[in-house]
Each structure stands twice: as structure tokens, then as C-alpha cells.
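Colleague: Sequence:
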Amino acid sequence: MTDFTAQVFAHRGGRAWAPENTMTAFRKSLESGVDGIELDVQRCATGELVVFHDHTLDRTTNGVGYVKDCTLDELKRLSAGLWYHKDFRDEKVPTLSEVLALVDGQVMLNVEIKNTPVDYPGIDDEVLELLSDYPHPDKIVISSFDNRLTKVMRKKQPEWNYAILMDGIPDDIAGMAAAIGATYWHPNHESILVDACDEAKAAGLKINVWTSNDDRDWARLLKMGVDGIITDDPEGLIKFLDLVAKVCA
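For the sequence shown, counting from 1, position 148 maps to 148 in this note's numbering; every step adds exactly one.
Worth flagging that the hints you see were computed from the coordinates, not collected in a lab. Glycine residues also receive a C-beta, built at the ideal position from the N, C-alpha and C atoms. Accuracy of the hints is not assured; some may be wrong.
[Claimed, not checked] The calculated label-pair distances, taken between Cβ atoms and stated as ranges, are:
1. 152 to 117: 42 to 48 Å
2. 105 to 215: 27 to 33 Å
3. 156 to 56: 27 to 33 Å
4. 159 to 89: 38 to 44 Å
5. 138 to 59: 40 to 46 Å
6. 105 to 219: 30 to 36 Å
[As the list claims (entries may be wrong)] With a cut-off of at most 30 Å between alpha-carbon atoms, the simulated DSS-like pairs for lysine-lysine come out as follows:
7. 68 to 139
8. 86 to 68
9. 223 to 239
With the hints as extra help, turn the sequences into a complete structure.
Modeller: And the structure:
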């Protein structure tokens with residue numbers, strides 16, 4: 001029997017209420033009672049792991065060029081919030097270390113490693129080394145569209161949770177999960193189907209769907225029995241789930 005509930009994951013910290021992948025977005029997520037936060041990680045020119053989605057700076061900062069070509073000092077001089085609203089002009093590009101210190105196991109943290117199309121050789125070891133000091137391994141889920149990277153990381157450090165991340169639906173979800181060592185499946189909300197959801201659940205996978213922002217879609221996903229919904233609008237999803245709970249009570 002479907003219980004019509006799901007965990008709420010704030011996509012990039014919740015883009016509906018603050019600039020994506022910023023400390024303000026992450027703080028707002030923690031204050032608002034989300035179950036998890038999704039964020040993106042890549043590497044800057046001086047080797048630090050920074051939380052940033054696009055490979056270029058142009059869309060979400062007042063800078064230009066590639067993240068990989070900028071030093072951390074150069075990134076910290078940029079505004080990561082002015083593009084969103086003038087009230088966020090002082091937002092800076094955070095490091096993964098800064099976000100880990102803020103979250104500190106309060107919620108699940110979905111760390112998505114950006115390794116395509118820009119290649120970051122050795123980023124798997126760097127992420128694992130940084131996370132080795134994080135005292136909440138049960139609150140980490142690692143994902144990447146480069147599922148080969150996820151497989152390598154799982155072999156090196158089986159303590160963390162790993163997710164299959166892709167746009168489409170694999171022919172053999174259970175087989176792919178076993179090959180990677182994944183315990184989560186993160187499908188695109190537009191591609192997931194009931195049969196695939198049932199197959200994944202039968203294989204023991206937890207399903208967190210991205211990125212759904214519409215109440216009709218939320219209702220459809222709840223009927224499928226997904227475990228979590230990654231959304232730009234965590235506040236809206238929390239209110240929707242509260243309403244569903246009252247109706248079903």
C-alpha cells in the first residue's frame with residue numbers, strides 16, 4: 001500500500017527561495033525542515049572543491065570563463081547572488097568544506113560530482129578524502145552522471161551511499177545497481193515509469209526523482225511510491241505533502 005509521502009530534497013539548496021548552491025540557500029533549507037539537500041561539486045584551479053553547477057561562471061555569477069580555470073580567491077571575489085536579486089549581491093561561491101560544516105549531519109546530503117563534459121582527473125579521491133572527516137556517513141549520497149566514477153568510488157569507499165544518476169531508464173536497473181554498488185536510483189521525473197519504479201523497488205533501491213516542481217507531478221510520483229523528490233521548490237512540496245497527509249488522515 002502506498003503511503004503517499006516522500007522525502008523533500010532541496011535542489012541546489014532550493015532555487016525558488018535563494019540563489020542556487022549558496023550558503024543562504026542551504027541555511028534556508030535547514031531552517032525549513034527539508035529532509036535532504038542536493039548540491040553540485042567541481043574543482044577550481046587551486047584544487048579546492050567548490051559547490052557550483054555550471055562549468056562556466058556566466059549564468060550565476062558576475063564573472064566569465066570556466067570554474068576550473070579560476071583560483072578560489074578569484075571565485076570568492078565574485079557575486080554568486082546578484083544575478084538572482086540585488087539583495088543577494090554578497091553571496092559567494094561556497095566550498096564543499098563550508099557546506100559540510102554547515103549541514104553537519106542535520107539532513108541527507110546528495111553530493112553530485114560534475115565530471116562531464118569537463119573532466120576532473122582525481123576528483124573521486126579528493127571527494128572521498130574530504131568526506132573521510134565527515135562523521136555522518138549515513139547522511140551522504142554520492143552521485144554523478146559519470147556512473148563509471150561512482151563505481152570506482154564505491155570500490156574505494158563502500159561506507160557511503162551511491163546513486164545511479166541518469167536521464168533515461170536503464171534496461172536492467174537491478175543489474176546496473178549491482179555493478180556500481182548503488183543503493184539509490186535518481187531518475188529524471190519526466191522519464192520514470194511505474195514498471196521501472198516497481199523494478200527498482202524490488203531490487204531494494206531507494207528512488208529519489210529529479211527535478212519536479214509541479215503539484216500534479218508530485219501527486220503522480222507519490223502514487224508511484226518514490227522515496228524522495230528533488231525540487232527547486234521545497235517549501236511548496238512541504239506544503240503539498242502536509243495537505244496530502246491531512247486528506248489521507
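Colleague: Please verify whether residue 223 and residue 239 have alpha carbons no more than 30 Å apart.
Modeller: It holds: about 17 Å lies between the C-alpha atoms, which stays within 30 Å.
Colleague: Falls inside 42 to 48 Å, the C-beta gap from residue 152 to residue 117?
Modeller: Taking Cβ atoms as reference, residue 152 and residue 117 lie about 19 Å apart, which means the hint is violated.
Colleague: Taking 27 to 33 Å as the hint, is the beta-carbon distance of residue 156 and residue 56 inside that range?
Modeller: Roughly 30 Å apart at Cβ, these two residues keep to the hinted range, so it holds.
Colleague: Does 40 to 46 Å hold as the CB distance between residue 138 and residue 59, or does it fail?
Modeller: violated, 34 Å
Colleague: Could you grab the alpha-carbon distance between residue 86 and residue 68 and see if it respects the 30 Å cut-off?
Modeller: Measuring from Cα to Cα gives roughly 26 Å; hence the hint holds.
Colleague: Given the hint of 27 to 33 Å, is the C-beta distance from residue 105 to residue 215 inside that range or not?
Modeller: At roughly 30 Å between Cβ atoms, residue 215 and residue 105 fall inside 27 to 33 Å, so the hint holds.
Colleague: Please check whether residue 105 and residue 219 have a Cβ separation lying inside 30 to 36 Å.
Modeller: Check passed, 31 Å falls within 30 to 36 Å.
Colleague: Would you say the C-beta atoms of residue 159 and residue 89 sit inside 38 to 44 Å of each other?
Modeller: holds, 40 Å
Colleague: For the pair we were handed, residue 68 and residue 139, check the Cα-Cα distance against 30 Å.
Modeller: holds, 28 Å
In summary, the numbered hints that this structure violates are 1 and 5.
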